[in-house]
Amino acid sequence: MPAGRGAFGRRGGRAHPSDAEASGGLMKLTVPNFLSLLRIALVPLFIIAVIDGESRKALLIFAIAGLTDALDGFVARFWNQQSVLGTYLDPIADKLLLTSAYIVLSFPHLNHGTQIPLWVTVLIIARDVSMVAVALVLYLAAGVKTFPPSVLGKLNTLVQVVAVVLVLISAIVPQLNPVVDWLLMAVAALTVASGLNYVYRVHRLPPQAPPVS
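This note's numbering puts the first residue of the sequence shown at 167, with every later residue one more than the last.
Keep in mind that a hint or two might mislead.
The list that follows gives simulated cross-link-like pairs (lysine to any residue, SDA-like), each with its CA atoms no further than 25 Å apart [unchecked claim]:
(1) K261 <-> A299
(2) K261 <-> H275
(3) K261 <-> V288
(4) K320 <-> V345
(5) K320 <-> S266
(6) K320 <-> H275
(7) K261 <-> L332
(8) K320 <-> L276
(9) K223 <-> L195
Label pairs and their in silico Cβ distance ranges [unchecked claim]:
(10) V197 <-> D347: 14 to 24 Å
(11) V298 <-> P210: 18 to 28 Å
(12) L226 <-> A359: 30 to 40 Å
To be clear, the hints were calculated from the coordinates, so they are not data collected in a lab. Yeah, the Cβ is synthetic: ideal placement off N, Cα and C, and Gly gets one too.
Kindly generate the complete structure, drawing on both the sequences and the hints.
Here it is as structure tokens:
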């Protein structure tokens with residue numbers, strides 16, 4: 167099911183292409199799609215940098231990935247380069263990078279900064295998987311193709327990104343550790359709150375109209 171924006175940008179920032187555009191635009195490689203592919207290509211480089219203990223390099227790669235996310239949304243809107251491929255590729259690239267960051271930074275022997283508790287990472291992944299599963303059910307059962315993100319969801323994503331940045335910086339500036347610990351607790355709380363809010367919003371969806379015979 168096509169999603170809106172991903173981890174870094176403003177979710178919902180890319181307009182969904184019309185059916186006419188979709189018929190010939192599934193595999194269209196636009197500039198925004200290229201930037202999303204570049205973001206995916208940066209994921210293994212980020213992981214390698216963390217494993218090698220090169221926190222500065224990992225931080226730089228993460229920042230470049232964030233820049234590509236901001237640029238692909240801007241280009242898609244400004245030059246009207248929306249595509250069906252982009253509606254799938256953009257959120258996949260965002261989630262792949264952010265989830266990979268939380269996983270690799272959850273291992274004490276890899277992370278040289280503030281430790282991300284494994285349970286926080288598991289909580290984030292469980293929420294994301296549950297939301298994808300619910301979205302798939304909504305699409306198959308009721309034909310719901312779009313489900314705008316809530317304010318809580320956007321805030322949760324923003325705090326997750328900031329937490330990764332500060333975890334990487336804490337490897338260079340250990341004095342940040344107490345601040346990052348509190349921020350990770352905020353990530354956990356917002357993950358639960360946004361997940362419950364998602365369930366509430368799904369529950370309030372109008373019932374599907376019966377098919378016309």
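Hint check results:
| no. | hint | in the structure |
| --- | --- | --- |
| 1 | K261 <-> A299 | 15 Å, holds |
| 2 | K261 <-> H275 | 24 Å, holds |
| 3 | K261 <-> V288 | 14 Å, holds |
| 4 | K320 <-> V345 | 21 Å, holds |
| 5 | K320 <-> S266 | 19 Å, holds |
| 6 | K320 <-> H275 | 31 Å, violated |
| 7 | K261 <-> L332 | 18 Å, holds |
| 8 | K320 <-> L276 | 29 Å, violated |
| 9 | K223 <-> L195 | 29 Å, violated |
| 10 | V197 <-> D347: 14 to 24 Å | 40 Å, violated |
| 11 | V298 <-> P210: 18 to 28 Å | 23 Å, holds |
| 12 | L226 <-> A359: 30 to 40 Å | 32 Å, holds |
Violation of the numbered hints given earlier is confined to hints 6, 8, 9 and 10; the remaining hints are satisfied by the structure.
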